[in-house]
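Asker: Chain by chain, the residues:
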Amino acid sequence: MGRRPPSRRGREARRNLTAYGFLCAALICFGVFSWYPMVREVLLSLQENNFVDAPRWVGLDNFATVIEDPAFAQAWINTAAFTGLALLIGYVIPFCAAIVLNELRHAKAYLRFVVYLPVMLPPAVSVLLFKWFYDPGAGLFNQILGFFQLPGLAWLDSTDTALVSLVIVSTWMNLGSGTLIYLAALQTIPSELYEAAELDGAGLFKRIRHVTIPQTRLILLVMLLLQIIATMQVFIEPFMLTGGGPENATVTVAYLMYQYAFNFGNFGGGSAMGLMLMVVLIVFSAVYLRVSRENT
Amino acid sequence: MIATAVRHRRPRPRVFARRRIETRFRTLVSPHQLNTRKGRTIYWIVLVGMVVGFTAIFMFPLYWMVTGALKAPEELDQIPPTFFPRSPSFDAYIEAWNLLDLGLLLKNTAIYAVGAWLFTLAVDVSAAFALSKLRPMFGKLITGMMLATLMIPPMVLMLPLFVTIVDLDLLNSPWAIWLPAAANGFNIFLLKRFFDAIPRELIEAAEMDGASPARILWSIVLPVSRPILGVVSIFTVVAVWKDFLYPLLVLPDTDSMTVSVAINSLSQTMPTNALTAALVIASIPTIVIFLFFQRHIMAGLTAGSLKG
Chain A
1 MGRRPPSRRG REARRNLTAY GFLCAALICF GVFSWYPMVR EVLLSLQENN
51 FVDAPRWVGL DNFATVIEDP AFAQAWINTA AFTGLALLIG YVIPFCAAIV
101 LNELRHAKAY LRFVVYLPVM LPPAVSVLLF KWFYDPGAGL FNQILGFFQL
151 PGLAWLDSTD TALVSLVIVS TWMNLGSGTL IYLAALQTIP SELYEAAELD
201 GAGLFKRIRH VTIPQTRLIL LVMLLLQIIA TMQVFIEPFM LTGGGPENAT
251 VTVAYLMYQY AFNFGNFGGG SAMGLMLMVV LIVFSAVYLR VSRENT
Chain B
1 MIATAVRHRR PRPRVFARRR IETRFRTLVS PHQLNTRKGR TIYWIVLVGM
51 VVGFTAIFMF PLYWMVTGAL KAPEELDQIP PTFFPRSPSF DAYIEAWNLL
101 DLGLLLKNTA IYAVGAWLFT LAVDVSAAFA LSKLRPMFGK LITGMMLATL
151 MIPPMVLMLP LFVTIVDLDL LNSPWAIWLP AAANGFNIFL LKRFFDAIPR
201 ELIEAAEMDG ASPARILWSI VLPVSRPILG VVSIFTVVAV WKDFLYPLLV
251 LPDTDSMTVS VAINSLSQTM PTNALTAALV IASIPTIVIF LFFQRHIMAG
301 LTAGSLKG
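Line order of the protein sequences matches chains A and B.
When you line the first sequence up against full-length UniProt numbering, it's residues 1 to 296, in that order.
When you line the second sequence up against full-length UniProt numbering, it's residues 1 to 308, in that order.
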């Protein structure tokens, strides 16, 4: 006598059980290291907590403390300036480089390799390398300027150039990925479009304007949002190169957040800072997720 | 349009043919325009300019780093600098290796990276498989919540994550790197999308033959998913290797530090040439990964962003 086949509901239950068996490790990892910290960020920002005494609820005091800090406004201005400068250099140059690369018939593999090489270096290495180049005395950059009979710059030591110096390192490190992504996008443009445009009498720049850019519009938008999200979180450059100086010229939001928590021992203030950054970035992230989902 | 196409296919005189720039696809510049005398001249100028420019911008700093470490301290500080090291010596490399205990640091970093890789694959692949093929109750909700973590920038969660690690007593433990690495919404998203594309019939046929879900995952899904597994693997390993702030916070002991953290914290006290040598050594592993897996990395780059 054969066993009765399991009922539909029984099968359903078993399938669910198996599925959750496969899922449990991920649920634990996400729960402990991703979902719970999100909640905790909010809790921390509302507490005064030195991790010795019992935490005390202080409402929005942490936000008030942080906002009153003179470095607060400076940090946001610097972060915005950093993002703006990084976009100016780091957004336009890779796209132009990709357009030119796409036209080349020789040395393409070499150029692709070289432009992506810095992306593979650990950021700590690139940043320390540039710190050495920026050295006002024997540093490479002032040596090169000197070779062309130009006066040396103070680079990291002057309020005028410090932020730009950070942008240069950051751009050097990250230019490669943008270039290669644009290059891949350019290769999907159907050649008939260029042919048609040319027959209509469109010159080189008109073809870029009316064919290349519209055809890569989505990827350009996605990369713009990604770049904003990434550069708004800039930390390692000010941390390793300038420590926020000179005169707070390079304090960024992320760096100030770190300082609050680990230099001033004020986790509440740090978390409040983090939450404010999160609100700003979530707007961009939400748009990004929408755009990229439409893209698929 | 037809007229131009025909014109392009017309055979050219031999002299011309030899110097013709090969064009398989038409891009911004038409093959015709490219192969005029002016077009060719501009093409070669641009090509040489690009090669020289890219080499100067991206390779020269690396050359300066590698050779800088071969110079003696006095030669490094000298103005004007020397292009080739006068008497190259590996002393700085040896000094850096011993001063920083680079062997231990590299071993640490490798352990973190490999562990994170194994955990990420095991956890994310099984989760993506369950969400894609077993479709449990609340599966959509769970997928949504995992994707939602992509909206929260990692920098913002740094403090609460650090506090959680402290609470769990995982400071200086490799688990502090391994477990959070597996909670990666992007990997799950990539894997799930790939699994979704595997034909249902393939899975159903295996079910008919009595294969268990684990068996289906192992013998059917994984073998066809090699490309995406490669991408996830490389990016996980490289991400752990490149990370700075997170290991700085959760692995503060000198014995458990990663290379990146250690070269930063000791950079102040080291002679320049030894520090530079340490930088070279610290970048070798990721460069080697790049040399070996170039194609996968480039493929993953586009898979991740074009359709991510």
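Just so you know, these hints were derived from the structure itself, not from any lab.
One or more of the hints may lead you astray.
Said to hold, decoys possible - Calculated pairs, EDC-like style, for lysine to aspartate or glutamate (alpha carbon to alpha carbon, straight line, at most 20 Å):
hint : chain 1 : residue 1 : chain 2 : residue 2
1    : B       : K38       : A       : E12
2    : B       : K107      : B       : D255
3    : B       : K133      : B       : E207
4    : B       : K140      : A       : E103
5    : B       : K242      : B       : D255
6    : B       : K107      : B       : E95
7    : A       : K206      : A       : E195
8    : B       : K107      : B       : E207
9    : B       : K133      : B       : D255
10   : B       : K140      : B       : D196
11   : B       : K140      : A       : E195
12   : B       : K133      : A       : E12
As the list claims (entries may be wrong) - Partner residues are not named here, just some residues of chain A that face chain B (Cβ under 7 Å, in silico):
hint : residue
13   : P37
14   : I213
15   : A261
16   : N263
17   : V291
Just so it is clear, CB atoms sit at the ideal spot from N, CA and C, and this is done for glycine as well.
Asker: Now, for every hint given, state plainly whether the structure supports it.
Answerer: Consistency of the hints with the structure:
1. Distance restraint check for B/K38 and A/E12: the Cα-Cα separation of roughly 71 Å exceeds the 20 Å cut-off, and the hinted pair is therefore not satisfied.
2. Between B/K107 and B/D255 the CA atoms are separated by roughly 11 Å; this keeps the pair inside 20 Å, and the hint holds.
3. As the CA atoms of B/K133 and B/E207 are separated by approximately 12 Å, the hinted pair is consistent with the 20 Å bound.
4. A distance of roughly 44 Å separates the Cα atoms of B/K140 and A/E103; the hinted pair therefore is violated under the 20 Å criterion.
5. Of the supplied pair hints, the one linking B/K242 and B/D255 holds, its CA atoms being roughly 19 Å apart against a limit of 20 Å.
6. Under the criterion of a C-alpha separation no larger than 20 Å, the hint pairing B/K107 with B/E95 is consistent with the structure, at around 18 Å.
7. At roughly 13 Å between alpha-carbon atoms, A/K206 and A/E195 fall within 20 Å of each other, so this suggested pair holds.
8. About 44 Å separates the Cα atoms of B/K107 and B/E207, which puts this hinted pair outside 20 Å; it is violated.
9. A hinted pair counts as satisfied when its Cα atoms are at most 20 Å apart, and B/K133 with B/D255 does not qualify at roughly 43 Å.
10. Proximity of B/K140 to B/D196 is assessed by CA-CA distance (about 13 Å); at most 20 Å being required, the pair is judged to hold.
11. Note on B/K140 and A/E195: the hinted pairing is violated, with a Cα-Cα distance of about 45 Å set against a maximum of 20 Å.
12. For the proposed pair B/K133 and A/E12, the alpha carbon gap of about 14 Å is at most 20 Å, so the pair holds.
13. Evaluation of the A/P37 hint against chain B yields a held restraint, the C-beta minimum of about 4 Å falling below 7 Å.
14. About 11 Å separates the beta-carbon of A/I213 from the nearest beta-carbon of chain B, more than 7 Å, and the hint is not met.
15. Given hint, A/A261 at the interface with chain B, holds; its Cβ is 5 Å from that chain's nearest Cβ, closer than 7 Å.
16. Given the 7 Å rule on beta carbons, the hint for A/N263 is violated: about 13 Å separates it from the nearest Cβ of chain B.
17. Hint status for A/V291 relative to chain B: violated, with the closest Cβ pair at about 11 Å, above 7 Å.
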